[in-house]
Amino acid sequence: MNNATMAATSGWAERPLSKLAGALCLLVLVIGILLRPEAGWSGLLIGGFFGLTLALGASLFAAINAVSGARWSAPFAVVPSALGRTLIVPALALAVTFLGGLSVLYPWAQPAVVEGSHLLQEKTAWLNVPFFLARAGIILLVLLAMTHSLFHRPASGNAAALPRPPAAAVFLVVFAVAITVGSWDWLMSLEPEWFSTMYGVYSFAGAFVGGIAAITVLSIRLSGSHASPVQLGERQLHDLGSLLFGFSVFWAYIWFCQYMLIWYANIPEETPYYARRLSYSWSMLFWLNPVVNFVVPFVVLLSSRAKRNPQVLMEVAGVVLAGRWLDTYLMVAPALARYPEFPVYALAATGAVLLGMLAIGQRHLRAVG
Amino acid sequence: MVERERIHSVAFDSPEGAVEAAHLFRAHGLEIRDVHTPFAVHGMDEAMGLRETRLPMATLFGGVLGCCLGFGFQAWTHAVDWPLNIGGKTNLAWPALVPIGFEVTVLLAALATVAALFVRGRLLPSLTGRMPTTQPHARVTDDRFVVLVAERDGSFSPARFHKLCERLGASEVLDAWRVS
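Protein chains in written order, with the working numbering: chain Y, 1 to 369; chain C, 1 to 180.
Please note that a few of the clues may not be correct.
In the DMTMM-like style, the derived pairs of lysine to aspartate or glutamate whose C-alpha atoms are separated by at most 20 Å in a straight line are [what the hints assert, rightly or not]:
#1 Y:Lys123 <-> Y:Glu193
#2 Y:Lys123 <-> Y:Glu270
#3 C:Lys89 <-> Y:Glu269
#4 C:Lys89 <-> Y:Glu270
#5 Y:Lys123 <-> Y:Asp185
#6 C:Lys163 <-> C:Asp13
Hints listed in this document are in silico derivations from the structure and should not be mistaken for laboratory results.
Next comes chain Y alone, as it looks inside the complex:
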């Protein structure tokens, strides 16, 4: 391992300042959970799910490349693999959320609420505490085992190699089921009387865009020096830009489909989800969501020159990452709060999760360099 790689891959999570920031985030989060359980636990849920979508999106990217025999992504394959292996951090955050905050966050876990709702009584076969915890445990453990088998390399092996195609193919199937059931359980059941059959694909679209955006930002940041294990040519930039462009359009397509069908039909059992998000100042955030997640990447990345410019591409991917967080926030927070407030605890939880992921990701990158 040489100095240039050190400079490229270390520095972030290991600086005392980052450790201090991580500790501060955790402290704020714990205070939030103790003083205002709803805001605190929902913050951890937002941070955990956001981190989970980034790690899973990156794993999905690696798995698709492995299954299709792609070679174009090999020069930066270490990035999705390092990001995929950080799954342990958001998985832990979600596990803590479910073990500690279940009855605070989910109305179906509050006996008084279930007693007053015929709909929820009908749903208890699926939405009950032991079954929910068992599902969450199985999903998170299987995902951790899968990403480990995808990205683990014996010390002597070529660490930068893509995952083996059979393991990657199995992961694709497991991922599809996990993100669908996971998003029903962990996010959609925050408003248990409401449902959308598009929720799973909506979460998938968001996770994949998030993974691509995170890979893009990290790859561009790490590809500075010749000694770095990450090398981006013009074609890699162009293809990453095309993927970011394409899947942000796909996300917008799904976002609009879900909205339009419910808007058009205007059925009382479906509209509360959007009614809540279009009330008070939530509506500003609601309309900001498609702007940062779709309009910005669409307009900027329409030209291929912008896709090949690392600075522009990195900035757009950064905007999309912020948009991914906003989208996750809007899937969770309006279910628990009538008015939006400055999301201190959600940001603190996200900071703690991301810093933890960065620390683990850097350890894996260093093993490669």
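Based on these hints, arrange chain C on the given structure of chain Y.
Chain C in isolation, oriented as in the chain Y frame:
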């Protein structure tokens, strides 16, 4: 009298081989007429020395036109020509216009792209084609990557050319002709 131009069809087994050959042929002062491959090969445009494509402008033009027509026509029918009360929504309820507006955008963008292909590729019946008059290599739709090299002037040396092809690992070198 119709003039005929001599073209050599050089086949390769791999896309990388064809890209490298296209680079080297040009470096040796040979002219590349076309390259036939089973799929789009990354880096071939640069290797052939093609100018940056302006095809996206045709696509963008079709897309913008389709977007305007799609939304405009629906807005006119819904709000101006035949207003109807649909579910109590306003006559110009924009979400209702999006699916068709989107589809017409994609449709005209795609049609404009194909139209540009026909015009620029001289594939219209009235235009002289760019293809060689002999049949293209039968396996370019399967696993062969064929570079078509033109004899530009008197300085062309068949012996040197065949040696170069051999050095590049060409699997076949055939003659083709083109009416110029």
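Do the hints match the structure? See the list:
A distance of roughly 9 Å separates the Cα atoms of lysine 123 of chain Y and glutamate 193 of chain Y; the hinted pair therefore holds under the 20 Å criterion. About 16 Å separates the Cα atoms of lysine 123 of chain Y and glutamate 270 of chain Y, which keeps this hinted pair within 20 Å; it holds. At roughly 19 Å between alpha-carbon atoms, lysine 89 of chain C and glutamate 269 of chain Y fall within 20 Å of each other, so this suggested pair holds. Taking the CA atoms of lysine 89 of chain C and glutamate 270 of chain Y, the gap is about 17 Å. The hint holds against a cut of 20 Å.
With a C-alpha separation of about 12 Å, the suggested pair lysine 123 of chain Y and aspartate 185 of chain Y falls inside the 20 Å cut-off, and the hint holds. For the suggested pair lysine 163 of chain C and aspartate 13 of chain C, the alpha carbons sit about 18 Å apart, so the restraint of at most 20 Å is met.
Comparing the model with each earlier hint shows no violations; every hint is respected.
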